[in-house]
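Enquirer: For the record, the sequence lines run as chains A and B.
Going by the numbering used here, the final residue of the first sequence carries number 545, and the count climbs one at a time with no gaps.
Going by the numbering used here, the final residue of the second sequence carries number 545, and the count climbs one at a time with no gaps.
A hint or two may mislead.
Since the list gives no way to pick out one identical chain from another, each pair is judged satisfied if it fits inside one copy or across any two copies.
As the list claims (entries may be wrong) - In silico BS3-like cross-links for lysine-lysine, where the CA-CA straight-line distance does not exceed 25 angstroms:
{"#": "1", "residue 1": "Lys-347", "residue 2": "Lys-227"}
{"#": "2", "residue 1": "Lys-11", "residue 2": "Lys-424"}
{"#": "3", "residue 1": "Lys-297", "residue 2": "Lys-444"}
{"#": "4", "residue 1": "Lys-11", "residue 2": "Lys-409"}
{"#": "5", "residue 1": "Lys-535", "residue 2": "Lys-297"}
{"#": "6", "residue 1": "Lys-527", "residue 2": "Lys-297"}
{"#": "7", "residue 1": "Lys-409", "residue 2": "Lys-493"}
{"#": "8", "residue 1": "Lys-297", "residue 2": "Lys-481"}
{"#": "9", "residue 1": "Lys-493", "residue 2": "Lys-323"}
{"#": "10", "residue 1": "Lys-523", "residue 2": "Lys-297"}
{"#": "11", "residue 1": "Lys-424", "residue 2": "Lys-532"}
Just so you know, the hints here were simulated from the structure itself, not pulled from any lab data.
2 protein chains.
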Amino acid sequence: MPREDYDAFPKTAANYVPLTPLSFLRRAGEVHGEHLAIIHGDLRRTWRETYDRCIRLGHALSQRGIGRNDTVSFICPNTPEMIEAHFGVNMSGAVLNSINTRLDADTIAYILEHSESKIVFADTQYSPVMKDALALMGDGAPEVIDIVDPQAVLKDGEGERLGTQTYEEFIAGGDPGWDWAMPDDEWDALAINYTSGTTGRPKGVVLHHRGAYLMATGTIMGWPLPKHPVYVYIVPLFHCNGWGHAWAMAAQAGTMVCTRAVTAKAIYDAAADHGAQYFGGAPIVLGMLINASDADKRAFDHTVHAFTAGAPPPPAVLAQVAKLGINVQHVYGLTETYGHVTQCDWKQEWDALPEDEQAEIKGRQGPRMAMMEDATAVNLDTRQPIPVDGEAEGEILLRGNTVMKGYFKNPEATAEAFEGGWFKSGDAAAIYPGGYLKIRDRLKDVIISGGENISSVEVEAVLFKYPGVIAAGVVARPDDKWGETPCAFVEMKEGASATEAEIIAFCRDHLAGFKCPKTVVFKELPKTSTGKIQKFLLRKEARAL
Amino acid sequence: MPREDYDAFPKTAANYVPLTPLSFLRRAGEVHGEHLAIIHGDLRRTWRETYDRCIRLGHALSQRGIGRNDTVSFICPNTPEMIEAHFGVNMSGAVLNSINTRLDADTIAYILEHSESKIVFADTQYSPVMKDALALMGDGAPEVIDIVDPQAVLKDGEGERLGTQTYEEFIAGGDPGWDWAMPDDEWDALAINYTSGTTGRPKGVVLHHRGAYLMATGTIMGWPLPKHPVYVYIVPLFHCNGWGHAWAMAAQAGTMVCTRAVTAKAIYDAAADHGAQYFGGAPIVLGMLINASDADKRAFDHTVHAFTAGAPPPPAVLAQVAKLGINVQHVYGLTETYGHVTQCDWKQEWDALPEDEQAEIKGRQGPRMAMMEDATAVNLDTRQPIPVDGEAEGEILLRGNTVMKGYFKNPEATAEAFEGGWFKSGDAAAIYPGGYLKIRDRLKDVIISGGENISSVEVEAVLFKYPGVIAAGVVARPDDKWGETPCAFVEMKEGASATEAEIIAFCRDHLAGFKCPKTVVFKELPKTSTGKIQKFLLRKEARAL
């Protein structure tokens with residue numbers, strides 16, 4: 001009976017190993033231990049050294065009683081510590097919570113509380129906002145460990161020590177000979193990343209080991225990444241774990257050039273001094289490269305391959321970066337999908353097209369990458385797939401192994417996001433032959449500015465607190481530099497008044513700076529018969545401004 | 001309670017998809033449908049055409065009532081049909097059984113019977129041996145479908161139609177619009193490959209979908225394979241499913257140049273006419289390239305990357321193939337591991353070493369590839385890891401997701417192979433720093449000749465049938481062309497006699513040609529006190545011949 005005989009094989013330790021990116025780190029440390037893993041200013045560390053430091057971190061956490069399914073937070077730029085966090089935290093069994101360094105104290109406190117974070121590692125550049133966040137939490141605040149980076153250039157007020165130990169002191173307590181264990185189950189939680197959605201408070205997106213492993217292999221196949229790539233870490237590691245690139249670099253034993261800030265100089269220096277060939281970043285980064293000062297621009301004699309996600313770069317930008325020696329590939333994804341899961345996979349025959357047609361194609365977000373099983377778009381009413389004609393518009397649906405486990409402690413939002421067996425992206429796109437998506441509109445109240453998600457609802461809630469405001473609608477306004485900026489439409493009650501500057505200043509007191517409206521328009525807002533603000537009309541108006 | 005909350009996410013259709021190479025085919029067909037997938041003589045087929053033909057095959061099988069865990073056999077060289085088999089059979093839910101075309105009728109009959117094969121697709125070049133095999137099976141013989149390849153160059157007696165339909169007629173009954181399904185479980189059986197082991201009858205190695213997916217991604221990362229590679233299929237697809245390369249080619253939407261026979265001309269033509277950049281093959285293939293006639297040798301202006309497995313190529317061979325523009329990487333694996341799972345991963349700093357030291361390193365089998373979790377060697381007595389000193393010898397143990405499910409209908413052999421949570425390779429190696437293995441000896445009674453496994457025990461059993469033979473031991477004799485050839489030591493009873501030619505002729509009547517001894521030595525065999533033949537002494541003697 002072959003039916004039974006083929007099923008008669010139990011999984012054993014010999015032939016079944018849970019998928020996890022920790023496996024890539026171990027291999028890099030053991031096989032390519034002497035290869036350079038990290039460049040950070042004058043600092044150099046091999047994969048063996050990095051592997052040992054990750055084990056130390058995992059062991060030190062473990063000694064504090066931190067283990068499976070505990071949350072460990074990091075608020076930190078793209079430094080060696082942040083890369084170590086992406087392995088060491090998971091070695092203890094814990095879940096990594098990387099916090100956006102641009103958030104306000106209130107939101108940081110919310111994230112630490114909601115994720116039930118046991119310990120937070122904070123780069124002392126962010127001590128001012130961390131101090132406020134911890135004060136808000138009072139007795140419920142987690143323990144703080146200070147990351148003191150000699151490369152940090154600190155402003156007044158930054159650099160204060162808030163914690164009980166430094167990161168170096170902390171990991172010194174860990175033993176690099178510790179017998180750490182892979183997860184027993186590849187579905188175990190690996191990371192929790194908070195993302196601004198359509199509601200005011202960010203949601204905790206929970207990722208798992210299996211997805212992280214496949215994100216890395218799919219990225220290597222899709223970019224594609226050779227062995228020992230040299231990579232400059234521009235996309236923040238607090239954004240979908242830096243699109244999973246630290247895991248991919250471990251898998252190919254690459255070299256990562258760290259950056260504390262996203263600057264054109266960092267990229268030019270990495271390319272010229274270290275031969276960096278790869279980076280990922282928001283389209284704004286391409287503009288920065290073009291508009292860099294002559295002092296920051298450096299010559300390099302190899303091609304640099306960039307993944308960019310967000311608003312498609314205008315043809316003029318693509319043409320200019322190509323002249324700089326940078327080959328841009330447009331990708332698309334969300335925090336809920338570990339980062340990029342579609343890619344404008346270039347076809348050889350397109351090389352023969354006129355430049356403007358090539359630019360149009362380069363502006364598409366492309367078909368699914370290998371780790372995503374399906375990417376399609378459905379009509380908003382019928383929920384049926386739209387025609388593949390580059391005209392019809394529908395909501396992008398995604399399905400595959402690099403879709404999140406779900407939203408932390410929010411089964412309703414999780415069920416809604418996965419309704420019908422697909423992840424609903426909230427983005428509207430047309431489809432071209434080959435499954436090439438082109439995003440046309442956003443169905444969610446989210447503004448993406450300089451690669452950061454901003455919840456319209458959160459900004460509107462602040463506007464409503466301003467004396468005399470009776471209606472407010474915040475939408476995206478296209479912006480050459482930032483992609484989009486928040487544009488506020490405000491309706492005041494009769495007799496009340498405010499200036500644009502007053503509204504913006506009020507927002508600055510209540511929101512992280514990047515979330516504040518850059519434009520304020522006072523007017524009676526268009527509403528439906530039931531009183532709902534007609535945002536599509538506001539979006540149209542903002543585009544025309 | 002984060003411990004519970006992190007575990008509170010059920011797998012859904014949105015975020016969990018079983019891993020299977022079928023996913024790669026679907027993506028190639030849908031995204032890169034117009035890209036050239038297959039070159040076979042004058043024949044050209046795109047990925048869309050190939051995808052459609054695979055669906056037809058799957059549907060036609062399904063219409064015959066073939067489904068999950070049924071066995072479907074193919075005996076066929078590396079033709080388009082054989083590549084289609086590697087997807088279409090699994091689309092029906094069935095398990096692919098690729099049969100070595102060099103086997104004798106008796107062994108083929110054994111494989112068809114043991115695997116409970118429901119249907120066999122046979123290239124008519126093999127009709128003579130297939131006819132005998134079917135006759136041996138009598139009423140139990142499976143249905144035959146004839147693969148009639150216009151590219152076949154047939155000898156007298158070949159080409160007879162044995163089946164009810166041709167392959168083209170068979171798949172014409174399938175609908176390319178069929179709504180085929182991925183497997184429900186990635187642990188489902190995908191292929192069964194019979195391999196000669198230490199016992200006389202071959203064992204059925206059962207592979208699963210998860211392993212095949214990871215074999216493809218690990219190969220892409222390790223070689224590494226770019227997008228749209230051009231590949232000439234030299235390693236037979238009946239050997240560990242052609243090392244999984246058809247799956248990897250689907251994943252990267254590559255172009256495969258088919259070959260009916262392993263010849264230097266096929267490789268030179270593929271490189272010169274089609275720009276082929278990749279192939280895999282036994283070391284004997286490298287010798288063929290060096291020794292090809294001037295008429296067969298062709299110029300090409302790009303580097304060809306070759307994976308070779310088996311006896312390490314001698315330094316002189318490596319130097320000569322390098323001059324031909326071929327970069328050889330040494331790999332190691334077994335049928336039980338889907339093919340190659342270690343690779344002599346080259347390090348940049350080795351470029352500076354003297355040529356002979358480089359050649360010595362190139363002869364190592366290297367550390368584990370990314371899809372293999374662990375590759376080590378243990379002392380035969382203590383079963384403890386041997387020192388990493390390039391001196392000590394131990395048995396290679398492997399552990400990871402590209403280890404077989406087990407041996408079909410042979411739980412004892414499966415349990416023995418996986419004893420202690422590792423797959424026991426039966427090969428002895430030393431270990432160099434970085435986990436670089438170098439094979440030193442074979443612990444199993446297996447001879448590897450021209451890439452084919454030969455069981456000593458099977459040959460010995462034939463020798464014992466020869467009148468007057470009272471003891472026989474068959475061991476490997478090193479051979480420049482074949483790597484190894486079987487060398488028979490034969491002890492005759494007093495008064496009996498035979499010549500080398502008579503013994504070899506007798507073997508030819510009872511064994512596939514490649515299994516017959518090339519050398520016969522008549523002598524009294526060395527035995528232990530309990531009468532067991534001391535094979536290690538015979539191996540030593542064969543090496544000195």
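Enquirer: Run every hint past the structure and note whether it holds.
Expert: Evaluated hints:
| no. | hint | verdict |
| --- | --- | --- |
| 1 | Lys-347 x Lys-227 | both (23 angstroms within a copy, 10 angstroms between copies) |
| 2 | Lys-11 x Lys-424 | between (34 angstroms within a copy, 16 angstroms between copies) |
| 3 | Lys-297 x Lys-444 | neither (38 angstroms within a copy, 62 angstroms between copies) |
| 4 | Lys-11 x Lys-409 | between (32 angstroms within a copy, 16 angstroms between copies) |
| 5 | Lys-535 x Lys-297 | neither (42 angstroms within a copy, 69 angstroms between copies) |
| 6 | Lys-527 x Lys-297 | neither (50 angstroms within a copy, 78 angstroms between copies) |
| 7 | Lys-409 x Lys-493 | neither (39 angstroms within a copy, 81 angstroms between copies) |
| 8 | Lys-297 x Lys-481 | within (19 angstroms within a copy, 57 angstroms between copies) |
| 9 | Lys-493 x Lys-323 | neither (53 angstroms within a copy, 84 angstroms between copies) |
| 10 | Lys-523 x Lys-297 | neither (45 angstroms within a copy, 80 angstroms between copies) |
| 11 | Lys-424 x Lys-532 | within (23 angstroms within a copy, 69 angstroms between copies) |
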